[in-house]
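Number of protein chains: 2
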Amino acid sequence: MASIKPSLAKGTRDFTPVEMEKRNHIYNTLKTIFKKYGYSEIQTPSFENLSTLTGKYGDEGDKLIFKILNSGDYLSKAPEKLLEEKNSVALISSISEKALRYDLTVPFARYVVMHQNEISLPFKRFQIQPVWRADRPQRGRYREFYQCDVDVVGSDSLLNEAEFILIYHEALTKLGLKDFNIKLNNRKILSGIAEVVGKPELIVDMTVAIDKLDKIGLDGVNKELLERGFTEADLSALQPIIELRGTNLEKLASLKQVLAGSTIGLKGINEIETVFEYLRKLGQAQLLENEVELDITLARGLNYYTGCIFEVKTNEVQMGSIGGGGRYDDLTGMFGLKDLTGVGVSFGADRIFDVLEELNLFPPSNAERTKVLIVNFDTALEEFTLPLLYQLRQAGIAAELYPAAVKLKKQMSYADSKQIPYVLLIGDEEVSSGQLSLKNMDSGEQEKLNVAALIAKLS
Amino acid sequence: MASIKPSLAKGTRDFTPVEMEKRNHIYNTLKTIFKKYGYSEIQTPSFENLSTLTGKYGDEGDKLIFKILNSGDYLSKAPEKLLEEKNSVALISSISEKALRYDLTVPFARYVVMHQNEISLPFKRFQIQPVWRADRPQRGRYREFYQCDVDVVGSDSLLNEAEFILIYHEALTKLGLKDFNIKLNNRKILSGIAEVVGKPELIVDMTVAIDKLDKIGLDGVNKELLERGFTEADLSALQPIIELRGTNLEKLASLKQVLAGSTIGLKGINEIETVFEYLRKLGQAQLLENEVELDITLARGLNYYTGCIFEVKTNEVQMGSIGGGGRYDDLTGMFGLKDLTGVGVSFGADRIFDVLEELNLFPPSNAERTKVLIVNFDTALEEFTLPLLYQLRQAGIAAELYPAAVKLKKQMSYADSKQIPYVLLIGDEEVSSGQLSLKNMDSGEQEKLNVAALIAKLS
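Chains as they are written, first to last, in UniProt numbering: chain A, 1 to 459; chain B, 1 to 459.
If you are wondering where the hints come from, they were derived from the structure by calculation, not from laboratory data. Hints are supplied without guarantee of correctness; some may be wrong.
One copy or any two copies: either way a pair holds, since identical chains are not told apart in the list.
What the hints assert, rightly or not - Pairs of lysine-lysine residues, derived as BS3-like cross-links and limited to a Cα-Cα distance of at most 30 angstroms, are as follows:
(1) Lys31 x Lys418
(2) Lys338 x Lys410
(3) Lys267 x Lys338
(4) Lys281 x Lys407
(5) Lys10 x Lys338
(6) Lys199 x Lys5
My request is simple: use the sequences and hints to build the entire structure.
Rendered as structure tokens:
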């Protein structure tokens, strides 16, 4: 076969051993916490029937779904007319019946519906798997990336929302982050505001404008609101909302006045208060002072969230949100199972990776790599080094014998490049004395040890 | 959007929490052992450029590669002629430039070539990821399945081969298997036999026929060999090979006589002897008595293996091979990096799963699930139960409070279906006495404990 110069498909990445160690550090930290809160892992297939995915992500989303070409003579049933017209869009359903997972939420909804007779509600699951999107790749945006989702369906208790705040707090703290905000909003509050000003269709415009308060000041925001279709009368109704400041409790008090006439708005405020109350009962009221922040400009996922909305940002590094989520009252309706409420959050593993890297928060080394390399001075010594190698591994120590008696320099550079912390130098003298020379690759120090002491030291 | 009845794409599977626990048990066992032998994890993208994959798996393999349709107006550059002809095969390269990973070996070769300046040889890696094949699904055969590969490139030492035998032995033993065979052959021995009888093109026919010795007897094998193109003269030359019996050492002795005139054949025998010698030095000679078996009918991967060939079979369950591999002298040549030798083995995780299931070898329970459910009798009790819930989790205990005060029966059936081992029953009496009722879901026994004793018991 002809030799070709290999390359990666656009927007995809290899993960080297060092990167995998770091990624596993993130995944394992998250998994441990998810399990502690009663969430169980599931996995769904990488591809789904195309009909399962289309129509769930909007027209733009549909375009970004990777379709898989049917196997065999895929054109045999394709309508001649569409081929003649070169009608790419209309032809898809004739030549492709499968597509790569675009997110973890729709496959999860399918899972719940298909397994409804075997699962016990509330069903609490987490899922850490790659998803694929035909986006234009750019710095920090890939066509294959991992999502870490944790969701519960079948429980309307706001304890779930409070626990997601704790999960975010515990996970990010455990990963070493010190200054981050878990922003909270409620779709019903936004609906209430829309009701009060009578402009439901302008909710997104409103939140976009208000969000700029720090940058463009009050006059700027008012000007932008007018440009976006609000009237002077709307503006005066909106003033307490635009200037919403202070502690979470102060904000709630102001909102209550503004939304006094809106049943749904008050319901939203009550939901937020209940979440805060759960945090207090859990002994975590201190999170409300700084870390958790009521932010009514948070309009993430407005199309599908029906209750609380979450978004997490770090203040230590310039970076978009590193997590988010919310409650959707009808997750599984798209597959015919009505009235099953769900709430969930997601961790942006790739962004968290970048944040930890920038802040140098990855542990300096962990259990994932070889602990000791036995230098191979002479294959004749293998009668001694191989039983030792076996003994080390029996003791659970990750160990290697360099597989050939090449120059010492080459063997040391192998240990260096694999960041192996210890090297064992065993020559004739060591064999006869039983005192082995162990070199610490970090400090350069060397010490003599017998086998028992060596195993104790490396264990 | 219209509601549709959801289904899985053909040949794919969901993994439930219970299945994920079991799969993770297998993966974690393998990973721990791979690392102990100095192998590091890497991952490669799910899709590769189509040109990276085509031509590597033979014509049949190429047909089984899942191709991904180009995004956007994918027909715009498609030749009209091919569309008119409905030429599915020729059109592929115009409308698809990416394809799903078919195995882990070709992406690994690509990885090595692309990262050659940053990796230090020998490069020892393992990789556990799904692969996709457009096979016709059937019992035990899926279109998405996991491969667990462990390979080293850049070392021709036969110590690597010996260590793979130990890795198989240790991994399968650790998973609970008691009776399995690690079969070993060497491509050079097969080449030697072909040289001796002068029929290199009939090697596969020969091994297929000889493999039937137990079923059809010596006369049957001889008859089949004649049908497959061997002559009476070939048969007499082949008799010692057909009737090869006895211990591994006896087999080697017979082969040495038959292959005395073949340089390559003797080289193959020498390689096997060296592997056995390494096992002896490692203190594992006893594996040669029963578990490791020289089997010259083993012709797996004859197209690409150049040295040792491995295959693993369990004798406890009716099942095809649960692992295999071998040495390939020119792994990366397909991508222009010549003369880099590699050797590796693979574990069939899906088949191992089925074997462990059939033999009931999965651990009865492990750390992956919720340890205790606090029953929710009355939301008024949450002032007591929520701080307790927080305290349990702080102690690292996976715990849940049922999120609503529904009927006890429903809460108990939730605990049952999640196989939660303990349930905490906390009513007014327990709150005032501080003595909590803990029910063992398995035995039905109930005991009274204070918080400290509870945490000690569940930790």
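Legend entry - Identical-chain pair category, Lys31 with Lys418, by Cα at 30 angstroms: both (27 angstroms within a copy, 17 angstroms between copies)
Inset, instruction - Tell me, please, which holds for Lys199 and Lys5 at an alpha-carbon limit of 30 angstroms: within, between, both or neither? - result: neither (58 angstroms within a copy, 37 angstroms between copies)
Inset, instruction - Check Lys281 against Lys407 for me: Cα-Cα at most 30 angstroms, and say if that holds within a copy, between copies, both or neither. - result: between (65 angstroms within a copy, 23 angstroms between copies)
Legend entry - Alpha-carbon proximity context of Lys10 and Lys338, limit 30 angstroms: Between copies, since 26 angstroms is at most 30 angstroms while 40 angstroms is not.
Inset, instruction - Give the relationship of Lys338 and Lys410 under a CA distance limit of 30 angstroms: within one copy only, between copies only, both, or neither. - result: Between copies only: 21 angstroms across chains, 65 angstroms inside a chain, cut-off 30 angstroms.
Legend entry - Copy assignment of Lys267 with Lys338, given that the CA separation must stay at most 30 angstroms: within (22 angstroms within a copy, 69 angstroms between copies)
Of the numbered hints listed earlier, the single one contradicted by the structure is hint 6.
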